[in-house]
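Q: The residues making up each chain are set out below.
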Amino acid sequence: MALNGLKANLFRRYLTWLTRPVRIKKHLSSTLPVKKDPAPVDRRRIRAAALQLEFRLFKNPLDYAEEMCRQTAKAAAEGAQLAVFPEYNNLQLLGMLPGIEKVEEGSEEDVSLPDLFRYLSPVVEPLVHTLFANLASAYGLYIMAGSYTLSDREELVNRAFLYNPSGELAVTQDKVNLLPMEEEWNIKRGRSFSVCATPLGNLGFPVCMDATYYETFRTLELSGADIVLLPIANLEAYNFWLALRGIWPRVQESPVYGIKGALVGTVAGFSFTGKAGIFAPLELTAGRDGVLAEAQSHDQEAMAVADLDLEALHDLRADHPWRDINLPLYRRYFPEIYGSPGG
Amino acid sequence: MRAAAFSLAGINLNTLTEYRADLTRLIESSRPELAVLPAYSALALGLGTGAFVPGPDFPATFYIFSADIQGWNDIFLELHGGLAREQRISLAAGSTIELDKGRYYHTAYCFDPAGELCCRQRQTHLTRAERDYDFDRGEELFLFDLEGADGNIYKTGLVVGNDARHPEVGRIMACRGADLLLHSGALKAGPNCWRQAAGMWSQVQQNQFFAVEAQFCGNIAGEEFGAGSALIAPCEITPESSGYLARGYPETPVISARFAQGDRRQIKQKYPILDLLNREAYAGLLHLYSDREKGEE
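Sequence order for the protein chains is A and B.
The first sequence begins at 1 in the numbering used here and counts up by one.
The second sequence begins at 1001 in the numbering used here and counts up by one.
Hints were generated in silico from the structure; no laboratory data involved.
A portion of the hints provided could be inaccurate.
Claimed, not checked - Straight line, CA to CA, 16 angstroms or less: simulated EDC-like cross-link-like pairs of lysine to aspartate or glutamate:
#1 K1270(B) - E1223(B)
#2 K1155(B) - D1145(B)
#3 K188(A) - E1280(B)
#4 K1270(B) - E182(A)
#5 K1188(B) - E283(A)
#6 K1270(B) - E236(A)
#7 K1294(B) - D324(A)
Unchecked claim - Covered, in the sense of this in silico footprint (three residues per stretch, anywhere, with C-beta under 8 angstroms from a C-beta of chain B), are these stretches of chain A:
#8 249-259
#9 332-340
Stated by the list, open to error - Over the 10 angstroms line for every Cβ pair with chain A, so calculated as not near, a few chain B residues:
#10 G1055
#11 I1075
#12 Q1087
#13 G1151
#14 R1195
#15 N1219
#16 G1262
Everything numeric in this text was worked out from a predicted model, so none of it was measured.
Where a beta carbon is used, it is the ideal one built from N, C-alpha and C, also for glycine.
When you get a sec, could you build the whole thing from the sequences and use the hints?
A: Here you go:
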């Protein structure tokens, strides 16, 4: 499968036609509920849903749309005001490419995954916008739609999207810290973290590997974030301790709520594992274990739902038993570690 | 390098001689090159030997202890320097209160196998209670060389008390080349396993160094302390990927394990977490802390 020939260009035109907004909207119109106003916000009880999607390849983009719709409906049925999808939520759309299974199995085709991401980007991005804007609006939810590998001019980015209940794209976030594999793919690193003020609290949404580092959640918390949404797609065998690294310790270090959406399942020898979950500082969880809700399975579809109490979070922060800031210490060492802004 | 963490559980604190004899027996049974004692070791020993009379509660006892600390610290440090020399081990002696120019610090000390003081580290992040005690914060983090019998030099730092919950400490030390951190801790008795995982365990996983976590087990002025000590390494080089090479119950007097520097280097080479950190993205962090502190004033 060469991606720069006439056939490839024609095929992409065909995919663009298949995923044109009017067609997606029309298809969804038979499935979506009548547009719902967002539920009134009680800051002591923000209901959130962390989605765990099972990876499968969709040949037909309408099937993908239906699947995302089904997941959103599931969250909405639980009363969720906020839903979080996983990282690499575009991988499933590789199924639109005929012969993709052969490429994945390591056939002789001289096409890399980044080539495929670039090729599909003009198709995937409008599809995602149309789809999630309509889902957010119809169900009256905030949706963090997960992350997508897309072209940004000449480069690739791993970009996450947040949609508000008015059906608008509120803000985007590029992955800032990359896996070695992503560096090999020449994905462009994000440069900063966004915080989006909403009636549900201030939301930040770094991407997967960003949660390896305490600095990410510290930056977000100091920038005002109350809830951090994290899409993940972990390509490793499940192990409790390995999975504990990431959002759980970050939420303990920087008091915020954390919601993790996970991609799981096996396709063509690639196995994604993880447990979607909702996490909080130890002090705000009944079992003092930092977990409000977590998927039971690490490799099958699931959903975790929990209520977040923003007032309790703010009370904890205001009179925190052990947190401290040591500016002279940071002034001594941070410039050497992180450099200076703009420097 | 073989390292051991001591909780002081079961150690006779009634006299300096008995304390030294009990500690010697435990060191000889676990045969470490490096031994780490928990936080509050000087306070527990001072109260146990009767050098200090406890107050009605823990805070009052702390004030009594602080008021007349200098002489006791000389005894405490001499004892542990001598023990290190006698056993030919590196010995992190736990912590005491340090008085310097009218300011009080919660400070840990480490002696080399010659019995010389090789590191003094003040706690850099205080709990709300410690701020109420009028403690001051240390403003520097120190690393020293510790030579293992395996021929490796371990760049080593001390982590005192509440600093275990502040990842800035581990990151600064890691970026300055730390291979091993020695934590002297004391947590009030209770369900501590998740608090501990949120502390040194998390710091190890996001920096890929080794850590010895020695947690105090005992009663000070009616306050019960108890958390399990641990020897921690990156998950990938530990049994069942747990991140623990050894783990004790609060009342376990000593645990020990061997650190394999070669295995750790391999992991760091395969998955170099600190090299992958996009440092420039966090250049504004200092300003954010500064703004937060101004906002709190």
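Q: Could you tell me which of the hints above the structure violates, numbers in ascending order?
A: 1 and 14
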